[in-house]
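There are 2 protein chains.
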Amino acid sequence: MKTIRLRAKRSDEAKKALPLPFSEPEVPAADQTESPAPVKVRTEPRRRETAQTLAQKQREISVSEFFLKNRHLLGFDNPQKALLTAVKEAVDNSLDAAEEAGILPDLKIEIEQLTEERFRIAVEDNGPGIVRSQIPKIFGKLLYGSKFHRLRQARGQQGLGISSAGMYGQLTTGKPVVITSRTGPNREAHHFEIVLDTAKNEPKVLTDTTVSWDVPHGTRVEIELEGLYRKGPRSVDEYITQTAIANPHARIVYKPPKDDVIIYERTANELPRQPIEIKPHPYGVELGALIKMMQDTKARSLKAALQTDFSRVSPRVADEICAQGGLNSAKRPSRLDPQEIEQLFQAIPKTKIMAPPTNCLSPIGQEQILAGLQRLGAEFTTAVTRPPAVYRGNPFQIEAGLAYGGNLPSEDLVQLMRFANRVPLLYQQSACAIFKATMSVDWRNYALSQAKGALPAGPCVILVHMASAWVPFTSESKEAIASYPEIMKEIRLALQECGRQLAVHIRRGRRLAEEHRKRSYIEQYLPIIGEALQNILDLSDRQRQQAVSTLENILERSRKL
Amino acid sequence: MKTIRLRAKRSDEAKKALPLPFSEPEVPAADQTESPAPVKVRTEPRRRETAQTLAQKQREISVSEFFLKNRHLLGFDNPQKALLTAVKEAVDNSLDAAEEAGILPDLKIEIEQLTEERFRIAVEDNGPGIVRSQIPKIFGKLLYGSKFHRLRQARGQQGLGISSAGMYGQLTTGKPVVITSRTGPNREAHHFEIVLDTAKNEPKVLTDTTVSWDVPHGTRVEIELEGLYRKGPRSVDEYITQTAIANPHARIVYKPPKDDVIIYERTANELPRQPIEIKPHPYGVELGALIKMMQDTKARSLKAALQTDFSRVSPRVADEICAQGGLNSAKRPSRLDPQEIEQLFQAIPKTKIMAPPTNCLSPIGQEQILAGLQRLGAEFTTAVTRPPAVYRGNPFQIEAGLAYGGNLPSEDLVQLMRFANRVPLLYQQSACAIFKATMSVDWRNYALSQAKGALPAGPCVILVHMASAWVPFTSESKEAIASYPEIMKEIRLALQECGRQLAVHIRRGRRLAEEHRKRSYIEQYLPIIGEALQNILDLSDRQRQQAVSTLENILERSRKL
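As given, the protein sequences belong to chains A and B, one line each in that order.
Per my numbering: the first sequence ends with 561, consecutive numbering throughout.
Per my numbering: the second sequence ends with 1122, consecutive numbering throughout.
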């Protein structure tokens, strides 16, 4: 990348005449010192705006209107992706709900093709169900949910996903979202049909009834939407396959539009470690956020506020921060003036504070990654779970796995499987930190070929998982991870560790192959050399055989050195 | 890209047992037919959630909280980009306002460095100013503005930009946004200090006063923020340079943090064509949107609604749509039942309707692009403005320009300048339709070298501008254009046209060079041939000279054939 600069005029006069801040307009040309000046217009008559006419056009924009017009931000850019995104949002919610309730997830995913480009998707889980009063808002209001305000690893985090899938269905088919949910065998199963009033961002309930349902507890959501079903790299099928790899504790029954039911049995019979909700870490807080926290805290002293509203702040650390900032630790937080909060803000990075707790994280684990990769039929697999790390105060953990050889196709670039909080990421690969970090590793060190600015090539699948209480996605559609340096670094370290294992494997293979080649060479030519010797030196057959076997021994020995 | 499928169990039994929709749970295993089943836990004690405890955690998320936590979506991922984004949002607003009011824009942009990582930016314009009552919401509320609901080319379109810049400043420095605005020489200049209450997404006014200001009309906004000032490819400097190229009618005075003032004088003394607001085109409407339009319309008949709420629907076309859908054109739109709206929806694509009007577009123009490129000191420039085209009912227009040779550095890949509605796009190049389309052109056809999957190489700058009433950006930070096929196609066509011009230029150059080489060859060797002939045939000096010049003529002629 290079820059070409225009030859702009660098005015020394202007510099002199313009102290900071600009106190005088630079060019008060005659026609511009008056009120909005008439200007020659090239073509059509122009309706010129004034401050007053512009003011009349100012309007509030509802968040639903915003996302409806910008639905590509939510992953609904085209019919194929829309179908995947809708399934994904429903599955994310189902897995999260079951896990939070301590239930081994049992999912049914069904895609029914209604017309050429219209589908009905249904996702049903055995989770804890949703209480009746919450159903409309969860499915019929954007930016509503339980996960946004908590620092804790979850698939969903924004309160946008399932309601936006419903909104897209409604936009493209006019049909409501249909929800059936039951919170226990002795409770009623509630059945709702809901649309989203986009001008208000509020749910409109069309149907609210109870039904008989033979599911003891769980939720089923059905969305009718415009879509396109394709097989291949970024298909729903592929998404479900990868979901099964990253969620070995889930059983998934999947009915694609035309094919037979596919069942992914669970390979782990225990739930993953339940991630714990944590408080923000002081190192990640920004000045504005700190100001707000000090206003909103329920604590009555600065010291107490630091201890209760942050993680890893013990009484001793709180005292240290206050001392470092020259602040009275007993002061009421809401009474701190801007200058004092700034001192507090400056004091935090100067105080030594333990890294944030990592029990908010739930990695897949080396063992389960290996188990998943081994299902690919490769000849070699390796996996690594890195220790937790921190970016902007958020703990995260990187895992990587690698499968090589065997059944994997060898003619092409490696396949990269990306996961964030156990959710497969299928789109926007090139915008993702995982892709960039993978590219930035010099795989030729690890015996794979790699062109400049490309993924390595070979019969290889690379898997990377980022677990975090807050995954920094590059868009609301959660398709790519933002390239924070700390995240890039951890991914690289994980991949390099896998790479070293791979290199040992490949080089051992190459050495064996090389030896094998030499051995056959020797075996092929030594008898001929023997015969030549026999002719020249006039040897007996026995002498010839002896010479040959002596030569074989010598060569074998020298080769082994 | 390839896919590797897990060997999932494809159960014929399951298929038989599972009609659509799944009426029975597949595996009602003993421990799952009861209410949330106890599950063995590997590590720590788990607080298990129930539907009731989860319900208590459900909360509404304010749009400001959402974007504060996701500020990278708005372009505030890192300090360097944050500085650029804040300047950009303010400049976008200033240029839009001045142009809408028919004023040739006069901008002052100033970046003052306060500490190592803290800056104060100020952008001042000579636009129409903002009426007092609107100032707080425009600068202190996300999703508020005049441009979102209008179909009309503008730099801003979402009502997010300037308020999010202010919010970022507040987050990182705790300081309010400072606004001075005046709507005319006989009005007061209002001076505000505003912060955004993120929990409510509402402005909080700290100062509201009048000041004496020697600017007759215009707006000045000042934001203090954490930032990083760097020179180079994605710097504020580069942004302003490119802004000047795409906005030759604007005069820009720029004061970088440490260097002298730079003045970009306007090179065009007329405003660009004022884009006109249009109605949506029927071909771009989706079923859900159509349902809503029929509910909300003020028209009393279907026919009138089609005519007034859409562009390009004449009485005749409205009748044709109704006839095509078998609908009563006199029916009150709000009384149409879902089936009828679906018929209407199906009828639209079957009716021939003129392409949307394109006076909502304001391209830069071939002439101005050439003028801009010529300032780069290249030996060859070319530019093309494509006719308007349509994606999803939205008119758009692509322009491309190309500068080659001369002062441009030759050792590297071409530099790509991307613009959307005259705004330079400096980030997320690889995610942008312009980049993808440029890569997809086979530049070797046009005499540039190009590696597979890379931009072409050579001493070349390629400029692409997309003008549209609605640019489909891939994120709120408006850094990359989504790759709609129609947009990709138009960009390719524009680039190919430039490419052909370039090829003629380069090949002419190559042919001239080749001819020159041949000429020197002939000039070098003909005298020697002459001497040889003289020796062999015993010629006089004069005969030799004659023979040589005859040969020269013959070769010259044959070469020209």
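Because the hints were derived from the structure by calculation, they are not lab data.
These figures come from a predicted structure and were not determined experimentally.
Possibly wrong hints are sitting among the right ones.
Quick list of in silico lysine-lysine cross-link-like pairs, BS3-like style, CA-CA up to 27 Å [what the hints assert, rightly or not]:
1. A:69 <-> B:698
2. A:81 <-> B:698
3. A:200 <-> B:761
4. B:761 <-> B:698
5. B:911 <-> A:175
6. B:736 <-> A:331
7. A:292 <-> B:761
8. A:292 <-> B:642
9. B:792 <-> A:292
10. A:436 <-> A:81
11. A:279 <-> B:736
12. B:859 <-> A:298
13. A:489 <-> A:352
14. B:642 <-> B:792
15. A:292 <-> B:698
16. B:853 <-> B:819
17. B:913 <-> B:859
18. A:69 <-> A:81
19. B:840 <-> A:200
20. A:231 <-> B:698
A quick look at each hint next to the structure:
In summary, the hint linking residue 69 of chain A to residue 698 of chain B is supported, as the alpha carbons are separated by about 22 Å, within the 27 Å threshold. About 36 Å separates the Cα atoms of residue 81 of chain A and residue 698 of chain B, which puts this hinted pair outside 27 Å; it is violated. Proposed proximity of residue 200 of chain A and residue 761 of chain B is supported: the alpha carbons are some 15 Å apart, at most 27 Å. The hinted pair formed by residue 761 of chain B and residue 698 of chain B meets the criterion: a straight-line CA distance of about 12 Å does not exceed 27 Å.
The straight-line distance between the Cα atoms of residue 911 of chain B and residue 175 of chain A is roughly 23 Å, inside the 27 Å bound, and the hint therefore holds. Pair hint residue 736 of chain B plus residue 331 of chain A holds up; C-alpha atoms about 22 Å apart against a cutoff of 27 Å. A hinted pair counts as satisfied when its Cα atoms are at most 27 Å apart, and residue 292 of chain A with residue 761 of chain B qualifies at roughly 13 Å. Proposed proximity of residue 292 of chain A and residue 642 of chain B is supported: the alpha carbons are some 24 Å apart, at most 27 Å.
Restraint check: the Cα-Cα separation between residue 792 of chain B and residue 292 of chain A comes to about 34 Å, which exceeds 27 Å; the hinted pair is violated. Distance restraint check for residue 436 of chain A and residue 81 of chain A: the Cα-Cα separation of roughly 23 Å lies within the 27 Å cut-off, and the hinted pair is therefore satisfied. Pair hint residue 279 of chain A plus residue 736 of chain B holds up; C-alpha atoms about 25 Å apart against a cutoff of 27 Å. Between residue 859 of chain B and residue 298 of chain A the alpha-carbon distance is near 51 Å, which puts this suggested pair outside the 27 Å criterion.
The suggested pairing of residue 489 of chain A with residue 352 of chain A holds, with an alpha-carbon distance near 23 Å, which does not exceed 27 Å. For a cut-off of 27 Å, the pair hint linking residue 642 of chain B to residue 792 of chain B stands: about 12 Å separates their Cα positions. Taking the CA atoms of residue 292 of chain A and residue 698 of chain B, the gap is near 20 Å; set against the 27 Å cutoff, the hint holds. With a C-alpha separation of about 54 Å, the suggested pairing of residue 853 of chain B with residue 819 of chain B is violated against the 27 Å cut-off.
The hinted pair formed by residue 913 of chain B and residue 859 of chain B meets the criterion: a straight-line CA distance of about 25 Å does not exceed 27 Å. For the hint linking residue 69 of chain A to residue 81 of chain A, the alpha-carbon distance of about 17 Å falls within 27 Å, and the restraint holds. About 22 Å separates the Cα atoms of residue 840 of chain B and residue 200 of chain A, which keeps this hinted pair within 27 Å; it holds. In summary, the hint linking residue 231 of chain A to residue 698 of chain B is not supported, as the alpha carbons are separated by about 48 Å, beyond the 27 Å threshold.
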